[in-house]
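Asks: Just so you know, the sequences run in chain order A and B. So the first sequence is residues 1 to 126, counted in our numbering. So the second sequence is residues 1 to 202, counted in our numbering.
Simulated from the structure, these hints should not be mistaken for lab results. Where hints are given, some of them may not hold.
Claimed, not checked - No farther apart than 35 angstroms at their CA atoms in a straight line, the calculated lysine-lysine pairs in the DSBU-like style are these:
#1 K48(A) <-> K33(B)
#2 K123(A) <-> K33(B)
#3 K81(B) <-> K123(A)
#4 K46(A) <-> K123(A)
#5 K120(B) <-> K33(B)
#6 K80(A) <-> K46(A)
#7 K118(A) <-> K41(A)
#8 K33(B) <-> K80(A)
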Amino acid sequence: MATNPEMKILVVDDMSTMRRIVKNIFKQLGFTNLEEAENGKDALDKLKAGKFDLVVSDWNMPVMPGIELLRNIRADAALKHIPVLMVTAEAKQENLVEAIQAGVNNYIVKPFTADTIKEKLDKMFA
Amino acid sequence: MHTGQEQRPPLSDTTLYNNLGELARFMDETMRKLGELTTPLVGSTSHLPQASQVLIDLVTMTEEGTHRVMDLTEVLLENHKRFSAGLNSIQAALSESGQNNVGVGAQTAGLTEMVAANQKALLDILTTLSFQDLVGQRVKKVVDILAEVQARLLELVVHFGVRSVSKDADKGRAVVLLKELEDVKTSMKQDVVDELLKQHGF
């Protein structure tokens with residue numbers, strides 16, 4: 001499955017600056033169908049309300065952290081197929097293992113570059 | 001009956017009176033010292049919310065500044081996109097005209113390369129601004145620690161400070177948060193994450 005520039009991407013982060021950075025990178029990579037959510041719960045509501053092709057989520061967020069969002073996505077029959085890319089400052093080995101066990105598709109550590117995002121996307125949608 | 005313990009001689013009334021007096025004076029002195037301690041403790045504790053607010057304000061300030069830099073960077077990115085499109089049009093027009101103007105062609109090609117390099121640099125500026133998020137997360141942890149410390153100090157004030165910090169305090173939230181802050185220093189870099197992902201079949 002190759003990346004489709006039309007695909008709908010949900011960017012989840014509690015920091016507005018981070019959402020803007022991620023959205024800008026995706027725009028530069030040619031993706032224009034981008035939406036954002038402030039936390040896991042907000043994201044889950046949006047995912048249930050509309051069809052999304054990719055979730056890019058932070059880990060550390062109030063209300064519902066990214067790992068819980070990931071578990072909820074994987075536990076929902078209608079959402080479980082959506083690829084999830086974790087972009088986080090939580091960079092301990094146990095975090096990564098926990099995310100893998102929860103069904104993450106790939107993992108990026110902050111701070112990151114646009115090249116890293118492109119490389120991960122290419123891998124996820126190869 | 002032999003108890004195995006050495007029997008103490010009974011205290012005389014005078015000795016007992018003197019000992020009780022000494023104990024009473026000790027307790028009185030201790031209470032007075034604790035009373036003196038409470039005032040600065042309450043004073044210090046009352047400054048903690050103010051310190052936390054200053055830290056939160058700093059995060060807000062950096063967030064606003066970051067958005068301003070992003071506004072400007074986005075304008076430049078958009079302009080560069082137009083430069084790039086304009087240069088492509090010029091190159092296409094030159095080709096269609098059939099004029100073999102090598103000099104102009106080379107110049108527009110050079111400008112196109114320069115615009116592409118600028119676009120990459122601008123994108124790097126945007127991604128570098130993620131420092132604001134990382135700083136914000138660490139400051140939030142410090143604010144949480146301050147709140148925990150304040151709660152504990154107030155608890156000490158309420159209980160008049162007699163209790164020393166119990167062993168359970170080691171398991172307190174402040175300790176956990178401090179450890180998390182320390183852990184940041186040992187966070188994995190992307191290449192280590194990639195190696196681990198590879199080991200898990202990614």
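Asks: Work down the list of hints and note, for each, if the structure agrees.
Replies: Each hint, compared with the structure:
1. K48(A) <-> K33(B): violated (62 angstroms)
2. K123(A) <-> K33(B): Roughly 67 angstroms separates the two Cα atoms, so the pair is violated.
3. K81(B) <-> K123(A): Measuring from Cα to Cα gives roughly 27 angstroms; hence the hint holds.
4. K46(A) <-> K123(A): holds (26 angstroms)
5. K120(B) <-> K33(B): Distance ~65 angstroms between K120(B) and K33(B) Cα, so the pair is violated.
6. K80(A) <-> K46(A): holds (14 angstroms)
7. K118(A) <-> K41(A): holds (27 angstroms)
8. K33(B) <-> K80(A): violated (63 angstroms)
Checked against the numbered hints above, the structure breaks hints 1, 2, 5 and 8 and satisfies the rest.
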